[in-house]
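Chemist: The lines below spell out each chain.
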Amino acid sequence: MARPTRRGFLVGLAAGSAALVTAGSVFSGDPPAAAGDDRDELGMLYDATRCVGCKACMAACKRVNGDYGALAFERAPFDPDGLWDAPQDLSGSTRTLIKLFKQSESEWSYVKYSCMHCRKPSCVSVCPVSAMTRDPKTGIVDYSKDTCIGCRYCQVACAFNIPRFQWDSAAPQIVKCDLCKHTHLEKTGVTACAGACPVGAITFGRRHDLLAEARRRLAEKPGSYLGHIYGEHEVGGTNHLYLAAMPFNKLGLPQLPAEPPAEFSEKIQHTIYKGFVAPVALYGALCWLALRNLKKQPHGDGSRAPGDREEDRHEP
Amino acid sequence: MSHDDFQRHEASIFTPAFFALLLLTLIGFFLVAMRFVKGIGAVSNMSDGYPWGIWITYDVATGTAIACGGYAMAILVYIRNQMSYHPMIRSAVLTSLFGYGLAGFSVMVDVGRPWNAYNFFIPSKWQVNSAMFEVALCVMAYTTVLLIEFLPALLTRLEEADSRSLRRLADRLHRRIGVAPDRLMTRIEWARAGAAWLRPRLDKVLIFIIVLGITLPTMHQSSLGSLLLIASTKLHPLWHTGFLPLLFLINCVYIGYSICILESVLSSYAFKRPFETRELTGLAAIIPWVTVIWLSVVVGDLLWRGQLGKVFAFDFYAGFFLLEIGLVAGGAFILFSRANRASVRWLFVSAAMIVLGGALYRFNVYLIGFNPGDGWRYFPSLAEFLITVGIIAFEILCYKVLVKVLPVLPRLHGRDHAPPAAPPLTQPH
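In order, the protein sequence lines correspond to chains A and B.
Note that this note's numbering has the first sequence beginning at 1, numbered continuously upward.
Note that this note's numbering has the second sequence beginning at 1001, numbered continuously upward.
I should point out that these hints are in silico values taken from the structure, not numbers from a laboratory.
Each residue gets a CB set at the ideal place from its N, CA and C atoms; glycine is no exception.
Worth double-checking, as some hints may not be accurate.
Unchecked claim - Computed footprint of chain A on chain B, listed as stretches where at least three residues anywhere in the stretch have a Cβ under 8 Å from a Cβ of chain A:
{"id": "1", "segment": "1250 to 1256"}
{"id": "2", "segment": "1390 to 1399"}
As the list claims (entries may be wrong) - In the BS3-like style, the derived pairs of lysine-lysine whose C-alpha atoms are separated by at most 25 Å in a straight line are:
{"id": "3", "chain 1": "A", "residue 1": "Lys145", "chain 2": "B", "residue 2": "Lys1125"}
{"id": "4", "chain 1": "B", "residue 1": "Lys1204", "chain 2": "A", "residue 2": "Lys181"}
{"id": "5", "chain 1": "B", "residue 1": "Lys1038", "chain 2": "A", "residue 2": "Lys145"}
{"id": "6", "chain 1": "A", "residue 1": "Lys296", "chain 2": "B", "residue 2": "Lys1038"}
{"id": "7", "chain 1": "B", "residue 1": "Lys1125", "chain 2": "A", "residue 2": "Lys267"}
{"id": "8", "chain 1": "B", "residue 1": "Lys1038", "chain 2": "A", "residue 2": "Lys295"}
{"id": "9", "chain 1": "B", "residue 1": "Lys1038", "chain 2": "A", "residue 2": "Lys137"}
{"id": "10", "chain 1": "A", "residue 1": "Lys187", "chain 2": "A", "residue 2": "Lys145"}
{"id": "11", "chain 1": "B", "residue 1": "Lys1038", "chain 2": "A", "residue 2": "Lys274"}
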């Protein structure tokens, strides 16, 4: 009785491993997300030296994306009637935010926060169900609430702490800028914030052109800027670029290496799971060991004689 | 796979401890209900900076390591061929089953949009770069494997049950609701015959399931470490290393063996059974060597990355690092002594130290060493804490009930387990 069953199972196992190895080709064949060409990729250039802190971009963002992104007004303690939208930080209701950094009475700078649209985004790399995606053409990092399971791994992964979660909702979403992909960009061809900016502090365009423009400004007025385009190389490059006169880490933009964190983690994950060979090999080797060990047992894999059991077992 | 190694613990189910655990469980589940109505923010202190709190850190990352007893024992019994430990395996598998089942339950409480979880089964949504994807699939598969591994206990019980209480219950019901006694008996006979038919067949293939139950934890326990690889800018350099998967894997093995010792001592004490000193002494001989490998990787990696100096910074992070290392190394040091390994007291103390140190390592990686930037703070709220407590209480409650209903605990053979001063055997046969 034992032998045919086990042989049958072994045959099935062999077929199963073959299927797994075939499936493994799916596992190993993912193309790198970072594209080489930045001529098509869309992004924004925020120039902190031009920003006047009017927050028109914040208002425009919430007006345009409020319904699509389930964004609410955030009340201030002095405003029980909820007349004002008073976000203090990026949040489950706020995709973009202007803050003022004051070093002294004469030295200060505004700064705008929103998704950096990384070229090798950590959030896309870690999302288990592909709810975070990066458009291979435009480079827009987008979020789908219909796929998201709400595990918040994207929040853990993002070096800029950009994705926010709707903590007070029974049906919470991740909230982050998607360059108005489904709203303003579709209708007008620019993002709501760039369209609203009265002083040209937010420039919307292709990454290649934005970089050229940033370099032009740096060359034109080298004294007004720190000689660094934030986002050109940080974590593998971002499509949202910054120019400023203050050190970026003081403005809340962390100092980051040029190597994308996602490259490091994927390298290790791919080494372990290349073609799914290692797990299958491990299973095979362990099966062989366990079967060999079982054969050595005096009773094999069967039970002891049934007589043993009856004398041991007494129901009270 | 001899089923005669196990027996049911004959005692009353409804003890005072039962009701205390039930109360904690009910409080926890009430708060879980509140979380589903009012959102996660209503019960927890998690924030956008600390999106993972104790539910992930304890219930998932640490809880599954503590539930690695089944994994560690299966390696010992089936791969290292130490069949003398076989009697301990069923209670280890049962606690593993609860550990993993409740980790899965906690995940469903923790994730914001659990109704979308079906996407894990849709190949076009698979995201194989994600360690989370790997962990999720492996944990689901492993929970199923544990269920199958535990099935023999249930089948044996079904076969041998006299179903007296079921009949008594049927008699007490009104004729209209109750099933006619003869029909009830046929049903019971069917179940009995089904169990008798299934059990030997399951026995033949069980070894392949058991080996799957060794492969899957190897994969997902290492991936639990891989989860934090991405946080290279947030996790303190004392813990962020490319060796995270390896360290988590070894970590769960020594936690697994130590928890087997703790469970055995505690259940012997609680159920007033003789201590299984001989088996525990043998187990305890393995643990220090596993921890030595782990400590070597930790220290070697710090040297290699040139971060050893951070240990002597004696700041907040170094303190927790030293505590973690000290607990593990201290516990292992105790177990290197042959005399200590034969003493139930020292076994308990050292196993507890190693479990605490190993668990602290996981807390350090997931929470304590995790710094998302200035201005973010996290300490669990009372409700968040009570949900975790409720889940643990539920786990212990189910364990206590099941060992009294199913043949789980090692069978007592006359007197040969009794004397606690039995000569220590490192390799019992």
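Chemist: Which constraints among the numbered hints does this structure fail? Numbers only, ascending.
Modeler: The structure breaks hints 1, 2, 4, 6, 8, 9, 11; every other hint is satisfied.
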